[in-house]
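J.: What follows is the residue order along each chain.
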Amino acid sequence: MATDRSPETTAGRVGRWSLTAFATAGFIYLFTPIVVIVAFSFNKPAGKFNIIWRHFTLDNWKDPFAPGPLTDAMILSLKIATIAAFVATVLGSLIALALVRYRFKGGALVNLLLVLPITTPEIVMGSSLATLFIDWGWQRGFTTIVIAHILFCTSFVALTVKARIRGFDWSLEDAAMDLGAPPWRTFSRVTLPLITPGILAAALLSFALSIDDFIITFFNSGSEETFPIRIFGASRVEISPQINVLATIVLLGSVSLMLAGVLFRRRLEES
Amino acid sequence: MAADDDGDRTKRRGRWVPFGLLSPGMIWLGLFFLLPLVTLARTSLSVKESRFAVDAKFTWEWSNFTNAISDYSEQFVRSFIYAGTATLLCIAIGYPVAYVIAVRGGRYKNALLGLVVVPFFTSFLIRTLAWATVLADNGPVLGMLERLHLVGTLDSLGIVQNGGLLSTHVAVIGGLTYNFLPFMILPIYVSLEKIDLRLTEAAKDLYNNGWQAFRRVVLPLSLPGVFAGSLLTFIPAAGDFVNARFLGGPNNTMIGTVVQDRFLVQLDYPTAAALSFTLMAIITVATLVYARLLGTDDLV
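Protein chains in written order, with the numbering used here: chain A, 1 to 271; chain B, 1001 to 1300.
So here's chain A without its partners, still in its complex pose:
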């Protein structure tokens, strides 16, 4: 880099070092609670609150999915996230395709409507949806949670997919058609492979957003307990080490998924 050309001044070196030190401190800050979460999955708490370190045990890891409200909540969250991610990915990808591939009136308006849910505080979205369901006389529960999750995921999917597929060489489609491929075949053999990585990334993002959502869900869950709702509700009575075990499993799972994605893309780029 530039340092080869111009001799570095002392001030420059001090600046560079302090910047690196500062960034390292930033990373330590980012990882502090993660270390605590993983460490406390091996703690034997004195009472119902797993917040003070006593001594090391493997007991908590013996049966991470022991039947109980926390496991039920986890299963419910996985169910909701699967449905919400699937529907939102379809709805959002269609919007992105329309925005990137077609010229039509009102594109700016569509963009605005996509950005608004992201720039609206969750508490406003959650409470406004709840007023709608109350107005309609709908009991809040599983269905209303799924509706809410599809809503906020759709915006993220549309914006993510749009950003990923903009600037592709779409003339490949015309080439396929010129060669006599019927439209559906052009779509499945040319368009779909082009847009799949972006769509997969958006689907994963939706899944993660849905599984972690608390505030919007809190207003629209009725008596259903998703994983975050269960943790929040029970936090006054107990903070069980099972929370830490499940969190650690989710963390390991997502990191391996991320690494697998990186390897997959590398393989794809090589071929």
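In short, the hints are calculated from the structure, not lab data. Each hint should be verified, as a subset may be incorrect.
For each label pair, taking beta carbons as the anchor points, the in silico distance ranges come out as [as the list claims (entries may be wrong)]:
| id | chain 1 | residue 1 | chain 2 | residue 2 | range |
| --- | --- | --- | --- | --- | --- |
| 1 | A | R166 | B | D1196 | 30 to 36 Å |
| 2 | B | L1034 | A | I75 | 28 to 34 Å |
| 3 | A | K48 | B | L1034 | 21 to 27 Å |
| 4 | B | R1051 | A | A21 | 43 to 49 Å |
Listed next, the in silico SDA-like pairs over lysine to any residue satisfying Cα-Cα at most 20 Å (straight line) [to be verified]:
| id | chain 1 | residue 1 | chain 2 | residue 2 |
| --- | --- | --- | --- | --- |
| 5 | A | K105 | B | G1020 |
| 6 | B | K1011 | A | D178 |
| 7 | B | K1194 | B | F1121 |
| 8 | B | K1194 | A | F168 |
| 9 | B | K1109 | A | F264 |
| 10 | A | K44 | B | E1201 |
| 11 | A | K79 | B | R1104 |
| 12 | B | K1011 | A | R101 |
| 13 | B | K1194 | A | D178 |
| 14 | A | K44 | A | L19 |
| 15 | A | K48 | B | G1139 |
| 16 | A | K44 | A | R236 |
Each residue gets a CB set at the ideal place from its N, CA and C atoms; glycine is no exception.
With chain A's structure known, arrange chain B on it following the hints.
T.: Structure of chain B alone, referenced to chain A:
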């Protein structure tokens, strides 16, 4: 968003196909995002005859707003101070981190970016609870401060209150900063990444001073990232109540705490709706002012 209607010649013209592609998602957004805002507005101007009445009657009850704002001005002010401070801290911590990754990262760029994201694979609530563990009265941080005999000094600075780190402004702001930090780092990273490094080289030759080159060239070019990051941090932070609940005490409640309590515990929908609506209005105005200040009008 002018860039979308560019002269992209590969775009097809069409009327019915884009309409068909758009309508399912747009109907969903209209039905479950725009329509609820209308019912929220209507609820905020309604009266609920008793706590147990199911519906609220719409009566143009403007006093809901004046009462809600005067009763909870303290929480409003506190929410904006907390969210504003957290946003500034996120810029202070996030900018150097993003800069180091984008400019010095080299071949480890993606790995370092991954490291920024990894902590957020655990649930928001569990992360916040973990901070409560770290800052607890018997926790590691307070123990270390006691051994270093710093508790007294920090107490006079207001960082420690009643001999503890929890239930303080600092704890809640720290939690907010932590939870929204990646939303600051990632947009700043993206905007720094786009800058042509040769530009900084040229600037260094021109100003013969790294700091000047940064201030005159890199910083202005990265402002869109700072702007996007600030929105993504400030907006959720201002409406949050989880950090206040786990890390704060009765003197650290935020406006989200009140909305949640009014709506879900007291079943006082009109007051909750009026508070929600006011929060949204203030945030919208703040966003527009901020965009004007940073000169990023064309972003929104």
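J.: Does each hint fit the structure? Answer for all of them.
T.: Hint-by-hint comparison with the structure:
Between R166/A and D1196/B the beta carbons are some 20 Å apart, a value that contradicts the proposed interval 30 to 36 Å. Taken as a hint, the range 28 to 34 Å holds for the pair L1034/B and I75/A, whose Cβ atoms sit roughly 33 Å apart. Checked against the hint of 21 to 27 Å, the C-beta distance between K48/A and L1034/B comes to roughly 44 Å, which is inconsistent with it. Between R1051/B and A21/A the beta carbon distance is about 56 Å. The supplied range of 43 to 49 Å is therefore violated.
Distance hint between K105/A and G1020/B is fulfilled; the C-alpha atoms sit about 14 Å from each other, no more than 20 Å. For a cut-off of 20 Å, the pair hint linking K1011/B to D178/A stands: about 17 Å separates their Cα positions. Restraint check for K1194/B and F1121/B: not satisfied, since their Cα atoms lie roughly 27 Å apart, outside the 20 Å limit. Our distance criterion of 20 Å between C-alpha atoms is met by K1194/B and F168/A, whose separation comes to about 19 Å.
With a C-alpha separation of about 18 Å, the suggested pairing of K1109/B with F264/A holds against the 20 Å cut-off. For the hint pairing K44/A with E1201/B, the CA-to-CA distance comes to about 56 Å; that exceeds 20 Å, so the pair is violated. With a C-alpha separation of about 42 Å, the suggested pair K79/A and R1104/B falls outside the 20 Å cut-off, and the hint is violated. Between K1011/B and R101/A, the direct Cα distance comes to roughly 5 Å. Compliance with the 20 Å bound is thereby established for this hinted pair.
Pair hint K1194/B plus D178/A does not hold up; C-alpha atoms about 37 Å apart against a cutoff of 20 Å. Our distance criterion of 20 Å between C-alpha atoms is broken by K44/A and L19/A, whose separation comes to about 40 Å. A distance of roughly 17 Å separates the Cα atoms of K48/A and G1139/B; the hinted pair therefore holds under the 20 Å criterion. Proposed proximity of K44/A and R236/A is supported: the alpha carbons are some 19 Å apart, at most 20 Å.
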